[in-house]
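Visitor: Sequence:
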Amino acid sequence: MNELDQIWSTMLARAIDAAHASGRGDVADYLTLRAANDLRREAGVRWLVDSLIELGTTRQAAAAGILIHRHEPHSFNLGISNITGTRINLSKGVRCLSVEAGWTRTPADGFMRGGALAIARLSHFGIPKLTEQLHLIPVGDTPDWFRIVDGKRGESFHADDIAEHFRIFAEL
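All letters in the sequence shown, in the order written, are residues 29 to 200 by the numbering used here.
If you're looking for bench data, these hints aren't it; they were derived computationally from the structure.
Cβ coordinates follow ideal geometry from the N, Cα and C atoms, glycine included.
One thing to keep in mind: the hints can contain errors.
[Claimed, not checked] Listed next, the in silico DMTMM-like pairs over lysine to aspartate or glutamate satisfying Cα-Cα at most 25 angstroms (straight line):
# : residue 1 : residue 2
1 : 157       : 169
2 : 180       : 192
3 : 120       : 57
4 : 120       : 78
5 : 120       : 169
[What the hints assert, rightly or not] Derived CB-CB ranges, DEER-like:
# : residue 1 : residue 2 : range
6 : 179       : 54        : 32 to 40 angstroms
7 : 157       : 101       : 25 to 33 angstroms
8 : 41        : 138       : 22 to 30 angstroms
9 : 71        : 192       : 31 to 39 angstroms
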């Protein structure tokens with residue numbers, strides 16, 4: 029969690045306490061839901077980013093000269109929405125595998141369709157057909173990443189799928 033997210037978390041906790049103290053249970057409930065969703069978003073984005081970093085920091089990756097660059101905070105556009113979060117670039121020569129992941133932070137940023145808690149984009153420099161858009165969707169108590177194909181939810185996205193993107197990047 030970066031410093032801005034920590035400040036936001038503290039401010040949200042204070043706002044929840046103030047809403048309870050003033051008898052505004054409805055506002056407190058909304059803010060509590062927002063805080064819970066933020067934790068789910070952070071965990072989902074962290075899993076995606078950490079999984080890629082883990083693949084990029086193996087002994088074989090280091091021997092192959094793969095470099096990792098992290099950009100945080102990072103903003104990217106998806107449709108008309110502005111997504112704020114993290115970007116990870118794995119690079120080797122001119123090849124690059126990027127993961128951008130985050131969520132809209134303010135009403136001016138737009139909204140995320142399909143009930144998404146967070147959005148991610150995986151892209152291979154120079155191979156646009158391999159680009160994938162993912163949505164973090166609540167499924168029961170645990171959110172899960174799903175591929176978005178032609179604007180609709182597709183299959184779920186797992187660690188094996190990240191490994192396949194890494195394999196394609198590393199073997200080209």
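Visitor: Next pair to validate is residue 120 with residue 57; report whether the Cα-Cα distance is within 25 angstroms.
Guide: 48 angstroms, violated
Visitor: Starting from the range 22 to 30 angstroms, see whether the pair residue 41 and residue 138 falls in it by beta-carbon distance.
Guide: Taking Cβ atoms as reference, residue 41 and residue 138 lie about 26 angstroms apart, which means the hint holds.
Visitor: May I ask you to test the hint 32 to 40 angstroms on the CB atoms belonging to residue 179 and residue 54?
Guide: 33 angstroms, holds
Visitor: Is residue 120 within 25 angstroms of residue 169, Cα to Cα?
Guide: Roughly 38 angstroms between the alpha carbons, so the hint for residue 120 and residue 169 is violated.
Visitor: Please check whether residue 71 and residue 192 have a Cβ separation lying inside 31 to 39 angstroms.
Guide: 23 angstroms, violated
Visitor: Is the Cα-Cα distance between residue 157 and residue 169 25 angstroms or less?
Guide: Not OK: residue 157 and residue 169 at ~33 angstroms, beyond 25 angstroms, violated.
Visitor: Is residue 120 within 25 angstroms of residue 78, Cα to Cα?
Guide: Distance of about 19 angstroms is within 25 angstroms: holds.
Visitor: For the pair supplied as a hint, residue 180 and residue 192, confirm whether the alpha-carbon distance does not exceed 25 angstroms.
Guide: 22 angstroms, holds
Visitor: For the hint 25 to 33 angstroms, verify it against the beta carbon of residue 157 and that of residue 101.
Guide: At roughly 29 angstroms between Cβ atoms, residue 101 and residue 157 fall inside 25 to 33 angstroms, so the hint holds.
The structure is inconsistent with the numbered hints 1, 3, 5, 9, although it conforms to all the rest.
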